[in-house]
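8 protein chains.
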Amino acid sequence: MNTEEIRQLLEDVKEGRVPTDTAADMLKDLPFTDLGFAKIDNHREIRTGCPEIIYCAGKTEEQVVAIIGEMLKKGNNILATKATREVYKAVQSLCTEAEYHAAPGIITIRKKEVRSTDTYIAVVTAGTSDIPVAEEAAVTAEMLGNRVERIFDVGVAGIHRLLAHRDIITGAKVVIAVAGMEGALASVIGGLVDKPVIAVPTSVGYGASFGGLSALLAMLNSCACGTAVVNIDNGFGAGYLAGMINRLE
Amino acid sequence: MNTEEIRQLLEDVKEGRVPTDTAADMLKDLPFTDLGFAKIDNHREIRTGCPEIIYCAGKTEEQVVAIIGEMLKKGNNILATKATREVYKAVQSLCTEAEYHAAPGIITIRKKEVRSTDTYIAVVTAGTSDIPVAEEAAVTAEMLGNRVERIFDVGVAGIHRLLAHRDIITGAKVVIAVAGMEGALASVIGGLVDKPVIAVPTSVGYGASFGGLSALLAMLNSCACGTAVVNIDNGFGAGYLAGMINRLE
Amino acid sequence: MNTEEIRQLLEDVKEGRVPTDTAADMLKDLPFTDLGFAKIDNHREIRTGCPEIIYCAGKTEEQVVAIIGEMLKKGNNILATKATREVYKAVQSLCTEAEYHAAPGIITIRKKEVRSTDTYIAVVTAGTSDIPVAEEAAVTAEMLGNRVERIFDVGVAGIHRLLAHRDIITGAKVVIAVAGMEGALASVIGGLVDKPVIAVPTSVGYGASFGGLSALLAMLNSCACGTAVVNIDNGFGAGYLAGMINRLE
Amino acid sequence: MNTEEIRQLLEDVKEGRVPTDTAADMLKDLPFTDLGFAKIDNHREIRTGCPEIIYCAGKTEEQVVAIIGEMLKKGNNILATKATREVYKAVQSLCTEAEYHAAPGIITIRKKEVRSTDTYIAVVTAGTSDIPVAEEAAVTAEMLGNRVERIFDVGVAGIHRLLAHRDIITGAKVVIAVAGMEGALASVIGGLVDKPVIAVPTSVGYGASFGGLSALLAMLNSCACGTAVVNIDNGFGAGYLAGMINRLE
Amino acid sequence: MNTEEIRQLLEDVKEGRVPTDTAADMLKDLPFTDLGFAKIDNHREIRTGCPEIIYCAGKTEEQVVAIIGEMLKKGNNILATKATREVYKAVQSLCTEAEYHAAPGIITIRKKEVRSTDTYIAVVTAGTSDIPVAEEAAVTAEMLGNRVERIFDVGVAGIHRLLAHRDIITGAKVVIAVAGMEGALASVIGGLVDKPVIAVPTSVGYGASFGGLSALLAMLNSCACGTAVVNIDNGFGAGYLAGMINRLE
Amino acid sequence: MNTEEIRQLLEDVKEGRVPTDTAADMLKDLPFTDLGFAKIDNHREIRTGCPEIIYCAGKTEEQVVAIIGEMLKKGNNILATKATREVYKAVQSLCTEAEYHAAPGIITIRKKEVRSTDTYIAVVTAGTSDIPVAEEAAVTAEMLGNRVERIFDVGVAGIHRLLAHRDIITGAKVVIAVAGMEGALASVIGGLVDKPVIAVPTSVGYGASFGGLSALLAMLNSCACGTAVVNIDNGFGAGYLAGMINRLE
Amino acid sequence: MNTEEIRQLLEDVKEGRVPTDTAADMLKDLPFTDLGFAKIDNHREIRTGCPEIIYCAGKTEEQVVAIIGEMLKKGNNILATKATREVYKAVQSLCTEAEYHAAPGIITIRKKEVRSTDTYIAVVTAGTSDIPVAEEAAVTAEMLGNRVERIFDVGVAGIHRLLAHRDIITGAKVVIAVAGMEGALASVIGGLVDKPVIAVPTSVGYGASFGGLSALLAMLNSCACGTAVVNIDNGFGAGYLAGMINRLE
Amino acid sequence: MNTEEIRQLLEDVKEGRVPTDTAADMLKDLPFTDLGFAKIDNHREIRTGCPEIIYCAGKTEEQVVAIIGEMLKKGNNILATKATREVYKAVQSLCTEAEYHAAPGIITIRKKEVRSTDTYIAVVTAGTSDIPVAEEAAVTAEMLGNRVERIFDVGVAGIHRLLAHRDIITGAKVVIAVAGMEGALASVIGGLVDKPVIAVPTSVGYGASFGGLSALLAMLNSCACGTAVVNIDNGFGAGYLAGMINRLE
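Chains as they are written, first to last, in the numbering used here: chain A, 1 to 249; chain B, 1 to 249; chain C, 1 to 249; chain D, 1 to 249; chain E, 1 to 249; chain F, 1 to 249; chain G, 1 to 249; chain H, 1 to 249.
Be aware that a few hints might be false.
[What the hints assert, rightly or not] Listed below are the simulated DSSO-like cross-link pairs for lysine-lysine, each with C-alpha atoms no more than 27 Å apart in a straight line: (1) C/K82 <-> G/K82; (2) C/K82 <-> D/K82; (3) H/K73 <-> H/K111; (4) G/K82 <-> E/K14; (5) B/K82 <-> A/K82; (6) G/K14 <-> F/K82; (7) A/K82 <-> H/K82; (8) F/K14 <-> B/K14; (9) H/K14 <-> C/K14.
By construction, these hints were calculated from the structure, which means they are not laboratory data.
Generate the whole structure from the sequences, applying the supplied hints.
This is how it looks when you write it as structure tokens:
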């Protein structure tokens with residue numbers, strides 16, 4: 001049921017062709033499918049054209065499979081994050097085209113082609129250990145139809161490595177800066193480019209990094225303009241938002 | 001020994017039929033059974049008519065079984081929370097009627113019927129991952145003789161899912177709102193209904209959710225009136241309190 | 001000195017018309033003016049076309065006046081944030097066109113016209129007390145050439161107030177959500193619109209709001225997609241980033 | 001405009017007597033009055049019969065007076081919390097019947113009589129210094145039509161003081177326990193009574209009380225059943241919720 | 001080498017019978033045995049007559065065995081805390097008299113008799129789950145020659161259980177109060193008795209107990225006089241200090 | 001009413017000479033005087049022979065004066081802590097013998113002589129800035145009949161200053177160690193003496209001392225045996241407990 | 001009394017020319033002068049040749065003047081930190097040569113010339129607001145006989161400003177990096193130079209800078225080698241340590 | 001490519017012998033080797049003469065082996081920290097000379113001799129459990145060509161053990177103080193020696209040590225001059241910085 005159909009229904013109510021109660025029921029049931037333990041948000045498709053997204057952590061294997069099974073009926077692309085290899089195997093037995101991205105723990109299913117943008121998102125990491133989070137951002141953005149350029153392990157302790165990639169970073173429409181420890185990468189990039197920077201603190205580090213708190217606070221306090229921050233290790237959120245910005249016209 | 005018997009004993013003291021020391025001993029021993037490692041609170045029955053409740057975490061299997069064995073002698077209903085399946089098996093060998101609720105890790109034993117209320121408690125969760133905590137609340141309330149309605153996975157990121165269940169939520173005598181991450185569900189429900197809302201933050205989330213701290217703080221700072229909060233993941237506490245309110249006359 | 005002039009100088013070096021050392025000196029001095037206590041970043045103009053920006057907190061009155069005096073020589077627009085009325089008076093004696101925005105504590109000086117965008121930024125607050133931070137965002141964005149729509153006091157505890165402004169919020173190219181206390185506004189807006197949402201936690205609240213920590217954590221943990229967060233009370237940062245996104249083509 | 005009138009309008013839309021756009025406008029404006037900086041929630045009256053409530057902290061004197069001025073037009077009772085004496089004086093010049101409760105900083109205006117309940121709320125404090133927060137709870141509950149009994153300075157360090165008031169506490173329909181420092185009062189009361197206990201941590205204390213954090217955590221971790229917690233120093237919230245529970249039938 | 005021998009050596013230095021350097025070397029090596037990875041504090045025996053104490057956590061099995069082996073040469077009693085059963089087994093193969101106290105994870109070796117005091121220490125716990133920490137305190141105090149009375153599971157949520165043991169608690173020379181969760185036990189006992197109370201917060205609890213922080217803060221903020229606090233789960237420290245106080249004359 | 005009188009009353013109840021209700025009333029009123037805003041604990045005198053103690057912070061001037069006025073009727077000594085000079089002046093007009101100890105902000109009134117102990121308490125500070133807290137401990141202990149020796153400014157950064165006072169410290173029956181910043185004094189003293197050490201963290205310091213948190217945590221984690229800790233800046237608590245220990249026989 | 005005199009005294013003891021007790025007294029009194037509230041560490045002079053240092057915060061005006069008065073008797077240079085202008089005026093009336101450094105709040109008195117090093121310390125700040133802390137470091141180092149080069153306002157958000165001063169920074173023997181907010185300066189400098197970097201977090205910032213915590217954590221987690229951190233706003237500590245390193249041979 | 005070669009290339013550009021673009025490419029690729037997931041910083045060798053350093057935590061076994069394989073091509077010494085035995089085995093199959101230091105988890109490969117300093121670094125620990133971190137510091141410093149003296153288990157609770165090693169500590173050019181729990185060792189050493197002290201907090205402890213936070217805060221707040229702090233458990237950082245200082249001339 002798309003926006004046009006909804007408009008039609010409202011006209012029908014106005015003309016008396018459909019009783020108020022019936023319409024209310026139809027509309028009430030419309031925007032999600034109720035599995036009891038989950039309400040699948042069908043409405044998102046109308047609003048965004050996005051693939052369906054499932055956050056797997058805290059859901060049982062059975063729940064994830066049931067949700068994806070329901071979603072596949074509509075023929076959409078699917079993106080499932082924070083998924084273990086066990087969950088992937090269960091999904092694979094449901095849908096053989098499912099792909100697993102091991103570093104970020106993402107399952108993707110491509111049912112229809114997504115046209116990619118000409119502009120691109122630069123995904124930059126401070127270290128090698130930040131790559132899983134960066135890949136979560138990159139794969140998410142790609143599934144949403146964005147071109148992505150990856151620049152990994154260019155942290156500020158050897159700033160010439162970052163400066164060497166200056167061109168590709170400044171050429172992006174939006175930049176995702178992924179860093180743990182002291183999280184300085186976001187500030188330095190923010191000072192170099194005149195583009196929106198989405199900063200992703202990671203839990204990489206030990207001791208007084210306090211599970212990513214150090215990088216999180218540093219990024220929130222960045223003295224560089226044009227930076228905003230997502231949750232620790234939230235590559236998905238950064239990829240989604242950057243994709244949204246990259247596709248703005 | 002019920003309230004009437006206690007009153008009788010006091011009269012006996014006054015009339016000199018029972019020496020002060022004897023009465024003191026009887027009263028001192030009255031309200032609990034001493035197992036050494038545990039003092040079972042027999043007095044609760046007089047006060048509340050509730051089933052006995054055991055918090056299993058941190059107790060050995062032997063201790064839980066010994067406590068339940070002692071309680072069963074009185075023929076009461078029993079509710080044991082935060083119980084592993086191993087503990088359940090040990091209890092089952094003691095009492096075959098014991099039931100296990102796997103999601104919340106609850107053992108229940110029903111020795112006598114509990115009449116349920118006409119009014120009901122609505123137990124609402126933001127996500128699928130919050131269900132175990134919600135079930136802890138729901139099962140607790142049901143064991144205490146309350147009717148419960150469950151509405152799961154209606155978090156604020158797709159607020160139409162919540163609004164679609166508005167009727168059943170506003171029809172409750174008291175609402176339990178269970179949410180992790182940003183815990184916004186409690187505020188939105190608090191703004192929709194004119195009923196007491198018991199908010200339960202959960203440890204669902206990662207990174208800057210800091211084990212449920214994020215949802216806890218959000219719920220404590222709710223700008224909606226009529227909301228109070230229990231400990232993170234404390235479904236039991238919410239179910240108990242909501243049951244108490246639901247049964248008020 | 002603009003980008004073309006810099007390119008020319010480099011050619012001169014290559015052709016031997018300018019010795020390396022001379023050029024190094026020229027370039028070294030180029031991108032900022034050194035006042036000793038401050039290095040004014042002249043380079044920003046080349047990169048962004050933005051007004052000069054001064055963060056006044058922690059600077060003495062004399063320092064702010066000296067910096068603005070230096071900047072005015074270049075004929076640019078000026079935006080000074082976190083400025084007290086005393087600082088404003090000192091600036092006014094230097095430049096009578098200086099305007100003071102009392103709620104956010106901002107000084108603006110408009111030396112040249114900035115053409116505003118057709119698309120707009122929606123600045124939304126949960127409460128009345130959040131207005132000063134929201135105004136910091138709005139004035140910043142306007143100085144950077146953006147059209148801004150303000151919607152104040154539509155927090156989630158009375159969600160019909162928010163829904164009543166749904167059209168104007170969904171019509172924006174980017175939304176700034178400003179909220180203290182439990183910060184739920186960002187999640188609810190994030191669930192309603194398919195646009196980038198910049199969330200600004202404020203220090204509005206008391207007790208367990210811990211100076212804005214509650215709203216900050218809630219916003220970082222938002223279950224809504226497409227949201228990122230700036231520092232507590234950082235209206236400027238949100239306005240700057242939103243402006244950057246709004247002007248993307 | 002009451003619920004009946006709203007229903008009528010919807011019928012008019014259905015019958016075509018009122019165009020959709022007109023109705024939308026009427027409904028959009030209905031539930032609140034827009035002062036720009038504040039959206040007064042007129043809808044609350046329909047839902048709850050409550051007095052209007054204004055949280056004064058963070059609002060300018062002018063804003064508070066404008067909001068109250070608008071509210072007074074409807075002839076409702078008014079409750080303004082966290083108000084300084086200066087704000088009170090400004091309100092008084094608008095409405096001479098305004099009363100000021102100095103300890104909690106509350107302004108009340110009684111335009112119509114509120115019938116009080118037979119059942120009562122017990123408001124109990126651990127110390128003398130907790131009284132301002134307790135009075136905020138008590139005055140709020142009274143304005144909402146509840147009978148209140150006050151028992152002050154009966155903290156657990158001299159538990160005989162608490163036990164001496166056992167009867168009046170157990171006779172309440174709901175209890176509000178107000179305590180700073182170690183916040184043990186809530187647990188001890190929770191263990192004594194079989195009624196809902198609303199615990200209010202206060203910022204009374206120093207050093208490792210960390211502004212009320214100590215009492216807050218203690219109350220959240222209470223081993224007593226039937227307890228829930230509101231924000232630090234949030235007497236209003238406790239009074240509102242307790243009143244809601246006390247008036248349940 | 002005892003105090004007398006040390007005094008003699010100093011006389012020898014004064015009389016020139018022992019060169020300064022030689023004496024310095026003798027004294028330097030005196031008060032501890034150097035195993036490289038550990039310096040065994042032989043001096044403690046001179047000062048206190050106490051058994052040797054080893055904190056096993058973070059030491060390898062080999063290190064613990066080597067330290068105990070060295071200590072056994074002097075014929076003293078030995079107390080090893082935070083020891084796993086594996087460590088116990090290794091120690092047992094060295095010394096068959098070694099005993100293992102499983103709940104607290106303590107190894108004791110009694111080489112000489114310790115005469116016990118007439119006065120006693122009361123060790124009181126709020127719940128059953130606090131027993132391991134309480135046993136660490138009790139066994140430590142007993143090894144140091146103190147009589148100990150144990151009263152377990154008398155938390156404040158059923159205060160009659162605590163009051164029933166009032167006599168034995170008030171009869172102690174010093175009381176150890178062991179509690180997790182909200183830690184209210186210490187305040188209530190502190191208000192009942194006029195004896196030093198050593199409060200031991202435990203990590204028993206979940207959610208906002210934050211690993212014992214809740215009980216720790218509550219105990220530090222106790223409004224009862226005569227209370228001091230040791231580290232979370234530090235039964236040893238409480239037992240040692242209480243023993244020291246109990247043996248004061 | 002002393003312990004003997006209470007026993008007599010109970011006999012009267014048993015013999016029927018006093019009706020139960022009357023006795024209940026007498027006993028209920030016995031142990032405290034009710035001023036409404038405060039319940040003065042008369043019972044403490046029976047239990048402890050201590051002077052009355054008032055914690056002034058958070059009480060109004062009128063409340064403090066009323067409480068002291070009531071206490072003076074019984075002819076006891078009085079100790080009022082955390083009192084400003086304004087409060088002192090108000091008390092002085094009530095009782096000219098009141099003395100003010102400016103550094104700790106203590107008011108004392110001596111109505112009857114207290115015999116001092118032969119043994120003494122050593123009160124030791126790390127720095128000069130810790131003296132106000134140390135004086136709170138010392139004056140409290142002295143009011144409770146203890147001899148006190150003061151050793152100030154002997155922090156571990158110049159450990160020879162501490163070692164120079166080793167004799168007077170080891171000669172004490174109990175030691176109070178007062179330190180801010182890194183709080184190392186408690187551990188070093190704990191390692192030097194074989195006596196109970198009460199550690200008092202102070203809020204002296206800046207930056208990462210976080211209001212005394214640094215010293216508090218250091219003292220709780222002391223590797224020295226025989227140490228317990230009171231709240232930050234709680235000189236009173238340390239003085240009270242040390243006095244209690246010093247007077248043990 | 002210098003090292004030679006001490007050696008002589010020890011010889012006298014050995015030869016019997018000075019009784020043990022007398023020598024003990026002389027040595028005990030030697031290394032500090034006891035003012036009661038302060039023990040002035042005379043020994044530091046022997047060890048370090050440093051000026052005397054007084055930390056003024058938390059000391060009364062009278063105490064500071066008394067300490068400096070005592071110190072002046074020895075003719076040493078004096079450095080007093082965290083001093084208000086009021087304290088300075090009091091000191092000035094004692095010693096007219098006293099100088100006041102207003103930004104850091106330092107008083108210096110130069111009684112004898114200090115020869116400066118050839119090598120230098122670079123003191124670098126991220127912003128203008130960090131200058132007071134940087135000046136505390138610089139003045140301290142200069143008083144200790146070090147040459148200092150100041151480079152202010154070269155934070156990473158405009159990294160060309162920092163790179164422009166690369167030569168002077170890499171030419172230093174040790175670098176002090178002073179920054180608030182996200183504290184990234186330390187990491188970037190640490191990556192540029194192969195010299196010890198002393199990082200000083202400042203409390204400059206707001207919101208989630210949490211009084212300097214953000215910069216502190218970032219600096220502790222720096223991925224650059226060769227960096228260590230001092231307390232928030234501790235310019236003195238950084239200047240002292242850097243001076244110590246700079247003067248190493 | 002060394003510094004001389006770089007200078008030559010720049011001359012070639014100036015003379016037109018090498019086109020700008022070619023040179024840019026050469027220089028861009030110069031200072032690191034790009035493995036995609038890692039950019040090996042070849043430039044460090046030019047700057048420091050140090051061995052290559054790999055932080056293994058968070059890198060896969062394959063990544064570590066690939067990085068080391070690349071590094072070995074240049075014939076440098078290699079230091080890999082936080083490496084498990086599994087990683088070591090994989091490295092060993094690549095290079096049989098690889099050594100494993102089990103306590104700190106360090107892999108070293110010595111391809112060329114490093115001449116050691118005459119001056120030395122003293123590495124001191126408070127306890128036996130701190131040794132792994134201390135060894136990380138010591139091995140790092142030794143690989144960088146420094147002589148190291150180890151003094152273990154001399155914590156302040158038995159300060160005579162520390163004083164017995166005073167000579168070796170004061171004879172060092174720089175001291176590394178490693179301690180968990182209350183971290184007092186750093187302050188006591190800082191007060192004894194007139195040398196730079198690098199303090200390393202460890203996560204040794206439990207309860208309120210909060211993973212090393214206690215020791216970290218204590219060390220940051222040290223009242224001893226000349227101390228700076230590295231991250232919790234960061235033996236590597238301390239060893240690297242101390243080595244840098246020890247080798248200063």
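May I ask which of the numbered hints given earlier this structure violates, with the numbers listed in increasing order? 4 and 6
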